[in-house]
Amino acid sequence: MNWNKIFALSLRHIYLIKGSFPRILDLIYWPSIQIFLWGFISKFFTLSSTFYENTVGIILSAAILYDFLFRSSISYNMMFLEEIWSRNFTNLFIAPIKLSEIIAALTLTAIFRTLIGMIPAAILAIPFFGVSIFKIGAPLVFLLITLYIFGVTLGLLVTSGLVRYGPSFENIAWASLFFLAPLGCIYYPVEILPEWLQIIARMLPLVHIFEEMRNILIYDSVNYVQIVKAIIISFIYFVIGVIIFYLSYSGAKNRGTLINMGE
Amino acid sequence: MKIEVKNLVKKFKSTIAVDNISFIIEKNKTLGLLGPNGCGKTTSIGMMLGLITPTSGQIFIDEISLIPKNRIRLLSSMNFASPYIELPKKLTVKQNLEVYARLYGVKEIQKRIVELIEDLNLQDFLNKKTGELSSGQKNRVALAKSLINKPKLLFLDEPTASLDPDIGDFVREYIEKYKKNNELTILLASHNMKEVERLCNKVIMMKQGKIVDSGTCSELIDKHGRKNLDETFLKIARSKNELE
Chain A
0 MNWNKIFALS LRHIYLIKGS FPRILDLIYW PSIQIFLWGF ISKFFTLSST FYENTVGIIL
60 SAAILYDFLF RSSISYNMMF LEEIWSRNFT NLFIAPIKLS EIIAALTLTA IFRTLIGMIP
120 AAILAIPFFG VSIFKIGAPL VFLLITLYIF GVTLGLLVTS GLVRYGPSFE NIAWASLFFL
180 APLGCIYYPV EILPEWLQII ARMLPLVHIF EEMRNILIYD SVNYVQIVKA IIISFIYFVI
240 GVIIFYLSYS GAKNRGTLIN MGE
Chain B
0 MKIEVKNLVK KFKSTIAVDN ISFIIEKNKT LGLLGPNGCG KTTSIGMMLG LITPTSGQIF
60 IDEISLIPKN RIRLLSSMNF ASPYIELPKK LTVKQNLEVY ARLYGVKEIQ KRIVELIEDL
120 NLQDFLNKKT GELSSGQKNR VALAKSLINK PKLLFLDEPT ASLDPDIGDF VREYIEKYKK
180 NNELTILLAS HNMKEVERLC NKVIMMKQGK IVDSGTCSEL IDKHGRKNLD ETFLKIARSK
240 NELE
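Protein sequence lines, in the order shown, are assigned to chains A and B.
Numbered by numbering that gives the first Met the number 0, the letters in the first sequence go through residues 0 to 262 in order.
Numbered by numbering that gives the first Met the number 0, the letters in the second sequence go through residues 0 to 243 in order.
Keep in mind that the hints were calculated from the coordinates and are not lab data.
In silico lysine to aspartate or glutamate, EDC-like type, Cα no more than 20 Å apart, as pairs:
#, chain 1, residue 1, chain 2, residue 2
1, B, Lys201, B, Glu230
2, B, Lys151, B, Glu3
3, B, Lys88, B, Asp123
4, B, Lys28, B, Glu172
5, B, Lys89, A, Glu81
6, B, Lys176, B, Glu157
7, B, Lys176, B, Asp165
8, B, Lys234, B, Glu218
9, B, Lys93, A, Glu81
10, B, Lys127, A, Glu81
11, B, Lys89, A, Asp25
12, B, Lys5, B, Asp212
13, B, Lys128, A, Glu81
14, B, Lys93, B, Glu107
15, B, Lys26, B, Glu175
16, A, Lys17, B, Glu131
17, A, Lys134, A, Glu210
18, B, Lys110, B, Asp123
19, B, Lys88, A, Glu81
20, B, Lys88, A, Asp25
On a predicted model such as this, the values are computed, not experimentally measured, just so you know.
Kindly generate the complete structure, drawing on both the sequences and the hints.
Given below as C-alpha cells:
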C-alpha cells in the first residue's frame, strides 16, 4: 500500500467537498432532517401512549446509528459515482494506483464525509429531544466501527455493480440500504420477524448492533459477545465485498467497459 | 520506451474488435494509429494501457510483459490523453494537477506543475474549476495531466479533436517541441491526417480490427498512388479488400 497515493485520491474528494458550500450543506441537511423527523414521531408516541414511555431515546439513538450506516454506504458510493459523472474513470484507472489503494482511499474518505453529516445531527438531538447518543458510552465506538465496516461493504457491493453494469446500476446504489432496513431490526426487536426471517436477519450484523444498542440503553449493561459477533460478521461481509469488487473489475476489463465509462 | 504488440486479439462475445495485430514502436518514435471509426483503435489502446484484457496475444513495454503483476510499475512511466475522458470538473486546474502528480508519485510536485503551467499557458485559469473551461483550455489541461509524470510512453487519442485551428496548431507544436527535448515514445490515434504527417514517423492503418497497411506517410502515399495521406486514408477505408 502506498499511502501517498491513498492520500492523493482522498485529497481529490476533500477538495471536492471543501470547494462547495452546497455540498457541505447537503451532507448536514439530510441526517439532521432524519433526526428531527424521528425525534418528533417518538415524542408524539410518548405523549400519546404509556406503552411508548421512555422510548424517545431508543428510537432516536437507533435513527442516528442507522443514518450513520446509511451515510457511510452512500458516501462510499457517491465518491465512486463522482468519478463516473465527471468522466474521470479512465484517468483514475490508468494511474499507477492499485485496486486495494482505491478501496482504502474511498473507505478512509467516506468516514470524513459521514462525520460531516452525523456530528451536527447527533449534537442537535441533545438540546431538542434530550437524547444523547454518547450515553451509550465506550461501546458506541465499537458499534460505530461495526456499522462503518458494514456500510463500506454495502458501498463496495454497489460499486462492484457500477463497475460491472455501468452507470445504469446507479439506482441500486440508492435502493440497497432500504432493502436491508426491514431485516436489520433497527427500530424493533428481532422477535417481531417471522421465524424464518429471523434466521436470515441474524446473519446480518445490523440485528446484533441494534439489539445491543437497546440492551445498553434499556438495561444499562453491555454484552461484549454480541458486539464481537457483530464485528466478525461485518468483517466477513467486508472480505466478501472486496472479493466481489475484484471480480467485477476483472470482468469489466474483459468486457472493455473501463475505457469509456461515464454518463 | 519501446512497445511491442504480438498477435493481439480481442473478442467481445461474437465480435472480433482486434484481430491478431502485431507491431513495434521503437523508443522515442511516434506511431500513428489510423482507421475508420470502430476499427479497433480505442480497444487496442485500452489493451496497451492495461484497461482491457486481451483475448490472446502479448504486449511488451521495454521487454516487460504488460501483465497485471507488472501493470502498476509500467503505468508509472506511461500516460494518456483523450478528449473523450475528462478531469474532475469541480476541482480547479491546479488541484487536478496536484492530485494526479501525487497519484503518479511525482517528486517535486510544485516545480513540475509550474513547468507545465508555463509551457502550456495555463496561468490565467489555474484557479478556475476545470468544468468551467473552454474545450481548448480543457484540452491543454488534459495534456498537462498526461505529461505530469514525464512519461516515457504517451498515448494520444485524437488530441486536437474539436479544437480551433489556432489551438490545434499550438498543441501539435507543443508535442513536437516536448518530444525533441524529452525521451518520449508516442502512439497517436487521429483522424487529422495533416497532424499525423507532421508528428508521426510511421503509421499503421486498421480496418475491421486488422492492420491492413503500414509504413511511413510518404511510403503509403506512394504505394496507393495518392497525393496525400487524406486521400490514402479514404482509399484504404473505402476499398473492398480481402477482409470483405
